[in-house]
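Residue numbers (the working numbering), protein chains in the order written: chain Y, 1 to 289; chain P, 1001 to 1261; chain H, 2001 to 2409.
Warning: the hint list may mix true and false statements.
The calculated SDA-like cross-link candidates involving lysine to any residue, where the alpha carbons are at most 25 Å apart (straight line), are [unchecked claim]:
no.	chain 1	residue 1	chain 2	residue 2
1	H	2069	P	1052
2	H	2094	Y	194
3	H	2398	Y	31
4	P	1003	Y	245
5	Y	195	Y	31
6	H	2247	Y	141
7	H	2400	H	2243
8	H	2099	Y	31
It is worth saying that the hints were derived from the structure and are not from the lab.
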Amino acid sequence: MKKWFKKNKWMAYLMPSFLFPLSITIYGLIMAIKESMTDNTGFSLQAYRALFYDHAFWASYLYSVRISTISTVLSLIIGILITRLLYQKLLKTEWKLLVWVPMIFPHFVWGYMVVLLLSQTGFISSIFNHFEWIQDFSQFPILLYEPFGIGIIVTYVWKEIPFVVLMLLPVYAQMNQQMPLVVKTLGGNEWNVFKTTEWPWVAPVLFETGIIIFAFILSAYEVPALLGTTYPKMLSVLSYEWFFYADFRYRPKAFALMVVVTMTIMTFVLIFFHMVNQKRYRMMKGNGR
Amino acid sequence: MVKKFVLVLLSILILIPVLLLIVQSLSKRWNYGHLLPKEWSLRAWDVLLSEQRLTEAIGWSYLIGILVIILNIFIGVLAGKALAHENFKGKSMIETMLILPIIIPSLAVAMGVHFTMIRWGIADHWLGVVVVHLIPTVPYSIKMFRNAFDQIGLKQEEQANSLGASKLYIFYSIYFPQLIQTIRAVVFLIFVISLSQYALTAIIGGGNVLTLAMIYFPYFSTVDDAVMSSFSLLFATLPVILFLLCEFVLRLMNPYKRKFR
Amino acid sequence: MKKLLSILLLFSLFLSACQSNQGENIDPFELSWDEIVEKTNGTTVRMFMWSGDEGINRYMDEWISPKLKEKYNITFERIPMDTQDILQKLLTEKKAGKKEGTIDIVWINGENFKNAKENELLFGPFTEKLPHFNEFVDTRSLNIQYDFGTKTDGYEAPWGKVQFVFLYNEDKVPNPPRSFEELKEWMMDNPGKFTYPEPNDFTGNAFLRHLLYESVGGVQALLDRGFDENFVNKNAQSMWDYLNEIKPHLWREGKTYPSSLTELDRLYSKEEVWMTMGYNEARAESLIKEGTFPENTKSFILDSGSIGNTHFLSIPNNSPNKVGAMVAINFLLSPDAQLAKLKPNYWGENSVLDPDRLTEEMKEKFKQVDRGQSVIPAEILKENMMPEVNSEYVNWLKEKWHEEVVQEK
């Protein structure tokens, strides 16, 4: 037994994480899957059928994926630009705290702040009106409660950029300072520097962070509930409404939706990890000063 | 030059909403088209401070938060190291599973989690709340420590091993100082996540545990802007205080920065 | 691996055996009221309720809680939780076989009550045991016997009464409309200044119910039939027509609606729209005082009537202190407590007691409460009151609205 543990050391290290959070989550997921396939009459896939035939579902699906993708991509790009540009400054505590400020407020507080700022009768519109750049609030552009989800995207981007910076900072902190010089002496420009010295390290972290953000936005409820439209709704809002519908008649459908979303993301994640892990391990072995 | 500009821009973008919250929490009547509120009032702070169980709630939030952080560091370091430094079959599968809690909507697993807590006898108990808070936090800490161990590499440990150092000493002298950055980030992030847990905490805590989130979230379904702002500000100071505390402790523990032996 | 699993299994079994299951099995029905009160001495009663209103919270914490301690030596705790989460908790606890929960009193009504009753989550019937219930409440009234079409059967005790009103900004709306037709004309003259919450929201749904009553020719038709889907499908056309006609004159041209009353209130407070609505005829008072609503907010009701609603208190089946809950609920039904509740400095909500059963002195005290400038006088409200109908209509409206109004281009 002891020999087995020694050989499979990783098992011992991973045990605690399995014991609690993971086993409970998996059990919860299994129960959710079971609920999605149970009806008054026992086992039934009726919920899935109802789901896939529902126009509202497909409209929501497109709406949600679009908003999540745009938010994620924007957060990643801006996040990495900021990190690249400012990491020396950011590694010093004071500036780092600044970037982390958005993170001390929960997501929906940020959503609320976006409402305060960007609604047609909000603070920015108020300033415009005060300085007589607009005569009436209806002249202020419509940024919230509209089908592009601008308000939602702004909220998430504002909150997730610090998170991206948080995840990328350690990568840049450990980065070999000599490499860019080497590339430059060999005639490379800024883009070459990035591509050859930074990208191999940054890519896995960037993609992982991107997946986390994407999955989070897709399944989070409060912000789109606050800032979204009547139709289409984001998937999370839809599943919430179905879940808490008066007599629970739409519960299986709600579970079905959540299961479908989970499974889709899981597949992507699995493929990604598989592709990336070998390379990462090799790079890790070559690391260290 | 560009750096300075971007920093200033960022500062503005980040601080303006906070400033707005502060002003909002002190305003009574703020009409459209005015730069500042017409009528000011301390009512929102009065409501906040006269909440009888405020100290209790802050206490619970810190207690639970700190426990969750400690467990996270423990789990995260072990799992992160294993994922970074070992290679084994089924690693991608395990990684996918470990990230599951963030991918699954919490609504989906809420019933199952509650059920499990009841069966394990820790429902309506702070232990249950701590365990439940582990679910959305552990994937993050594992990820962050894994990245850190990736960067550090194995070479230093191998050298120390060949020189005959014990596992514990290796951890303390080699890994720990290099992990401080990550530990800081983990403390911060995990605490914020734990603080903002609401629905599941309320259900699993069952009234035996009263966190700040439970008192404060219901106000978000009202239009009482002033109270929402004052609560948001109070809420935000909690992680800041903890962070400062954590800095202090880390300074004490860092083997290379100690000014006294 | 197998060894691991067996350890895990033992671990979980061990923990599950640790469930504490104390709690005397007192059967309240066998005791007299005095004995019940005696048993509650020194116990704790926990009420789980929505805690998003400062006024209500203070009423519970500053008035009710100390009095319960003083009179009965009961420690009364208010725990913030939304009704739907409470129900969820009770359901899961039932499923998992948890015999003793932590919730003693639940604030509940309508579909939530129906749900809870059907799933056997509630304890009862207990209302007959409560002296104040028998003494001061008009137990024969339909409002007390039925909650949205479900028989209360003593499983819930009434706590307060509210009536639906429209609120308007007197500065912008000097002459509020008196009927739905006039409302429509007003909207055409003032485009973009009115909207209503989605029917998923309780208030938004109530707005639609008012229209529904008109459309089918009066609430009696719906009351007589229980839930009759055919009838309502055939007779609701004028309602859908109305909603579609006003669409282009609504806020955002009806392309989107506030997802909840809170969102509508927010638009109203910023004067983006000039009217809002809601249950509790006195809701504007505290909001005006806070500075949230415009100072000259007043309320109006339409000639076609205003729906009145009662809300209730229940005791879950797995409450650890049922007798304590009963004593507390009884106290909440006392004239003194209901009077304090009516006063605008706390909640401002109407009493659920039958005025004819109060002492003359009490009656006077109730009459003398000044509910505020924005509140319509009680007689007018009473005259125009309409009852709620079967809760199935609430669901029907939710679904049909999407088809008929949202997806109509």
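Evaluation of the provided hints:
1. H:2069 with P:1052: This hinted pair holds, its Cα atoms lying about 16 Å apart.
2. H:2094 with Y:194: Violated, at about 58 Å.
3. H:2398 with Y:31: With a Cα-Cα distance of about 29 Å, the restraint between residue 2398 (chain H) and residue 31 (chain Y) is violated, given a limit of 25 Å.
4. P:1003 with Y:245: 51 Å, violated
5. Y:195 with Y:31: 45 Å, violated
6. H:2247 with Y:141: OK: residue 2247 (chain H) and residue 141 (chain Y) at ~21 Å, within 25 Å.
7. H:2400 with H:2243: Judged against 25 Å, a Cα distance of about 12 Å means the pair holds.
8. H:2099 with Y:31: 22 Å, holds
Checked against the numbered hints above, the structure violates hints 2, 3, 4 and 5; every other hint is satisfied.
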